[in-house]
Amino acid sequence: MPRSSHALAILGSGLYSKLPETRVLLVGAGGIGCELLKNLVLTGFGDITLLDLDTIDLSNLNRQFLFRKKDVKQSKALIAAKTASAFNPAVKITPIHANIKDADYDVDWFSQFDIVLNALDNLDARRHVNKMCLAANVPLVESGTAGYLGQVQPLLKNVTECFDCLPKPTPKTFPVCTIRSTPSQPIHSIVWAKSYLMPQLFGEDEEDGGTELDDAEKQGENADEIASLRAQAAAFKSVRLALRDSTPLEEAARKAFEKVFFHDVKTLLSMADMWKSRKPPLPLNYDEITQVAASSAKENGSSPSVNLRDQKQLSLAECLELFIASSCRLALRLRSGEDTISFDKDDDDALDFVCASSNLRSFSYSIPTKSRWEVKEMAGNIIPAIATTNAIVSGLIVLQALHLLRISYFASKATPPTATLRNVNIQFKPSAPLGASRIVPPNPSCGVCRDTYTTVHCDPSKTLLREVIDGILGDGDGVGTGPREVSTYEDKRVLSDPDFDDNLDRTLESLGVTRGKFLTITDEDGDWATLAISICLLPKDHPVDGPHLILPSPTPIPPRKVKAAPASLKRPADDDDGIEISEGPVTKKARTNGTSPPHLNGNGNGTKTFLTKSPSKKQILEDEGLIIVDKDDDVIIIED
Amino acid sequence: MSQTESQDIETATTSLQTTSVAPDNKTRRYDRQLRLWASSGQAALESSKILVISGSGTSASVLKNLVLPGIGHFTILDPHKVTEADIGSNFFLETESVGKYKAEEEVRLLKELNDGVEGVANTSDLATILKNDPTYLTSFTLLIAHNLHPELLEQLSSLLRSDPFHPPLIVVRSAGFLAEFFIQFHEHTIIDSHSETPPSLRIDKPFPALLDHALSLDLSKLDPTDHGHIPYIVILVKAAHEWKASHDGRVPKTTEERKEFKKYLQSLRVKADEENFEEAEAQAYRVWAVTNVPSEISSLFNDPILANLTPTSPPFFHLLAALKTYTEKEPHTLPLSATLPDIKSDTTNYIHLQNLYKRRAEEEKEEFTKILVANPVQPQTPIDKGLIDEFVRNSHGLKVLRGEKWRAVDQDSARLKEASQSYPSHTAIHLAFSAMAALELKGVQVDHTTPAEDLKSEAAKIYGPFEEIEEEIDNAIAELLRAPNADLPTTAAFLGGLVAQEAIKIITKQYVPVKGYCVIDLISSTTSVIGA
Ligand SMILES: [Zn+2]
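Residue numbers (my numbering), protein chains in the order written: chain B, 1 to 640; chain C, 1 to 532.
Relax, there's no trap hidden among the hints.
One side of the interface only, derived from the structure: several residues of chain C facing chain B at Cβ under 7 Å:
| id | residue |
| --- | --- |
| 1 | 28 |
| 2 | 31 |
| 3 | 91 |
| 4 | 346 |
| 5 | 347 |
| 6 | 493 |
Hints in this document: simulated from the structure, not taken from any laboratory. Beta carbons: idealized from backbone N, C-alpha and C, even for Gly.
Chain C on its own, in the form it takes in the complex:
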């Protein structure tokens, strides 16, 4: 290769590199998770501050799974120094760590996992902070406490419950192969729940442009290829319109009529094997299944916050108020979704239909936005277009969860009894943990020498007579007492995954988190959710 040529190549490639649309290193690092929660979820993670109380193996496992995907900041709060017994069951401590502060050693090793994450060790003691500096605790996005003494836990959970703007708390308890966790939060709203139910195509209530398009087609005049490419949505809209014209404006109601309607669909085929018509027949129920506001969404309209909406209410509720007004108008549905499912069709027909849906969805979003800005109560700061977009796009999957205080379920034996009907052994495990906490609140140090009877009588105070779950209670207490304070690595690893997963759902406000006590029995590899 001549020198001029190689220079050519060099200059050529330097300019060429700039034309790549390859993402930056950060996007690359997070590529596989961005496909789950998108850049909005990643931004929420990166601005979060997590406080983890206790430097146990389980705590470190949870943190590992939060540091890797890139939370903004974490603090480990633990006043203890590393002992011989801590080494070996905690991957984020080393032999040389013995005698040093646990929090400091773990922060150092956890930070190695991701240099984009800030980590801080706090070696003071929770009791002192609760007394002297509670605002420190409430300044975090989320708190996670593992095997914390119930007395401190009680104070902490009361503090965080005392104001609706205080952060949520995940309480984690584990002993050997048994574990449970509980998420204490005030109110958790989710716009993008990643709902698995697709939004309605509104075939029963076709919007004007869709109806016009369907009626403009004369199926009998199409050549056979085109005939086989008409999307089933169009076929159904047209067929339903024609059916209604000859049936006093009614859709097929009785089984007989529905069979007849399907026969009518069959009669429209020009070839026996037209896949689009097969699809139309399979989807025919969409003609008589009425599209209205799903009950899970309309029930949100009764939310007390809507009745007392103020400029400082969260944007979610301003949007919800607009949605309520929107659905009170014709056609009494949620705003149309622009996404179409996979359909047997060709490109031209599919794109035409997609454009019809897109345009209409855009119009309905405009309509929604008009209602939003006309709400009698306006938010302090106007809601940005991106959020409106997201809200409208996901309006069929909106969620509002209201939480309760840690241990609230233990004051309600009726709910425990109900849980024990469905999940006897897991309810028993929960009761064993609650009994252990009750003993500890009395100043008893629970270990493998604690008499089972002591735990059993505490459990009975919470639950009442055991009746049919007595055997489960005995088993759970026996298992718990084998190693009530053991932080087993396998359990820590498992729990680290499960709890971090829930923490990510809470922080990103995407996907639906566990509500109630999630009780885990790793001997049988089972989980149940109690008191949801």
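Only chain B is shown next, with the shape it has when bound in the complex:
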């Protein structure tokens, strides 16, 4: 077949003949994903599963070449698969329009693939796939781009570093008071508009919006400031209502403006203490601004070229006008049936609103203003992206994938030859466009790839936590390490520890340890490595009267820890440390003062969670968008 002649000459018949049956999972059908899918099809791969959560946006078309203008708003995975299949119908491409973190994509599902290729743009999903590939023992090629820069990394369990071996940079943090009352930089105004004002006006009605303030009060924060913030919150109710009921749109928008930029600022000003050493903010007066605008309207006769419209710095009056217009458009959407509207960088109404309100706030606080273009970049965390970098990266991914497959198909599992594997960086140097380095072995203290992975198949509604723990630990006489003192976790939630056994006789389901999740067992004395047990369902043909739990065979025995350092997931020592009480990923924080953290049975759910001292845990919290700021001892959510 002529299609194959070149590839055959280069790859050799051994590897080449394997490619049609090689099962590839490609996660992401964006910039890298489109390129990669094309390369895979051209190289001779024959069985590709393509998964992506997103739909196509106009701003994708400058690089995601499998999409056309007519495809905008459709599923990326479906359209990409359709376009690429037309090129070579012999290739089986299975598109899935879903989130890779869904429970359906558990370890059993990952195990069916020979190789996984990441073409993702967010840290959270990349870490998730990294962990799933470790659990399923599938080689992974990791990649990413930012403008002209890019990076490709082949990951092979126990041989190379994993994605989490090196700590990732944490997002910037802002104290809550800086955002709420004392901004000093454009980014503060933007975060306020996007993460505070927008949800307040157009987001979900926060019934318990006051609890955060209650907590703050209990912790002895400035009582005046809290009282004023509380009054602010109450006034939001009437504005929210006006935006939603039959109040004329412009009147509702004006009401919102006056509440936020006039009355709230006035209230803040009344706290003289705050402004002793700071320049006080200026309340914005609706009538004054519109009058000034009317009298100077004729001066700005020349309109900027269409192309640069959004790069213009807006005047105070233009910001006001944009605030009213965008608020009306958003309010109209609420009145036409949308429940809530949250910030999305590709939603023009939302972006106009955030642009207008952040700049109004900046005017009020004498902070430099930003153009809509700049606001979009800052609020949307936009990373520049071009076709060229994606093409380079995708070429390199295929090469690393071929090297990994050559190892899995032909090399000895005990001592795989790694000489051909490379971590490659596309760099900013005209003298050396690529920087390649040999692979690095796993970081011995990595909290992800140094865990011992195993899988249980079970019915989570019938299986008790105790059954899993006892089964995995075994009797120590041929099975497992034998009983020992352990703590168990699901993600960051503590389910049990040696002093807390309330949950042991509850089902996994009632504890939220369901399909696709990991149950983590840490050794209380830090003698054994951590066990990460992935939860899968019973096989389809499992007899109805069969056992509800199938343990792995043989039972895995984690390696003994070399260092006697306490396990990173251990409970913190008794000191002035925070504890979290949580059911979901978002936490509210209380404080204990030098006393032992009580065992809390939160909301009848019976689980409890400690915010541990370990920096790696803090890191995980930060990566998930929970920003903990020491100064104000508070939590704000910046990005999800």
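Following the hints, position chain C with the ligand against chain B.
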């Protein structure tokens, strides 16, 4: 909802839509790349005309990455028809394309990617055009040739070298997992190189308004909050001034003195943890690091074009001449940049300082403009304000590159020897490609049956005795001969990205392009630049 109300809403929203500052669809489409090269770069792309010679898979990959970001026009020049063997390795050909002109099929499919781009297929043959219509070739902005026969390449590169106003040429050669490319250009000037070195803050040579501001502050009288908000720039200017007053006008010179200066900075703190003072200490070197014209910029002043400036010289050189005169005057620096780095400070102080820098930068730009219009040689058409602005703003990153002819390095074995010291295996790959071209020039058709010895002896004629790179030469030739004419999709995809990237740098005159031969070994995923 009543009818009147819904009408209200309708009229309200129609008028509301006009108040959006949302950009047009074109700006949206290019949003992610405009953040790299701005609208000036996009305008350059949109007015460019690219000629790609040969309709190979690599050519189509390069073009894909130029059509997507929106070049103005492309032509594919290829007289061949699509064969069975072309299908399957080239995404821009279909099974139904077999028997049709390659250029026409590829243009059709590439144009689907972006309806703002014009594409033309030219099915005539390069040899004929070179003979009958060379001005057709020189009318493009940029030419890209993939795996072109060296005889035609030689003619083409000579044609394009024959006049300094002829367009640049990117020569691309690939075989299996090996590849190289070379950009032939006359002179390439870059105003916005996106330099990563920030311009000087001129703390050692403070302009009068900055010095006055620094001296007007009495640190000891500030309340502790204000004290912690004074930007480190101001602290250093003030401290340096005071130090000089008590040290015969000298800045700290010896290690001892520098330590003493830092101690002096510490003594100014009112609290142990003042971040602005920590920053001042970390940045203290700026007091004794002399701001003058960076050597990369002053070396441009010796450019031969400056000595023979004429009204038709490119605007860049008129601006450069003015810059030269500018730096000959006190304080012997480049014009001040208005941008400040991130600084520990509060809004009021930061904005005040920023305004001082902005005002001064504006004044220095005025000064520069005066010099420009007073240049003894004036450009044919006056230089517009926007360009002056851009030039002054980026004056610390200006670049002038001078290129050479394709294969010039192969006539200079000393440079090849030098390259082989640093990059033995990549130099060997380059030599293997050059040897293949040499054989082809002799009329030999190189394929996998060509004896390695034949290539080796051609390589030796170029390089001389191989000595320590003999093994690399043998490996490179063996790898090349596995598939000397294979246009492998993975390599094509990779090369398509890399070559298009360089083409964009050349067209936009932003960022610094590769100079010399970029040699690529995709087995080891490595690249080197040889003969720069
Ligand atoms: Zn790891």
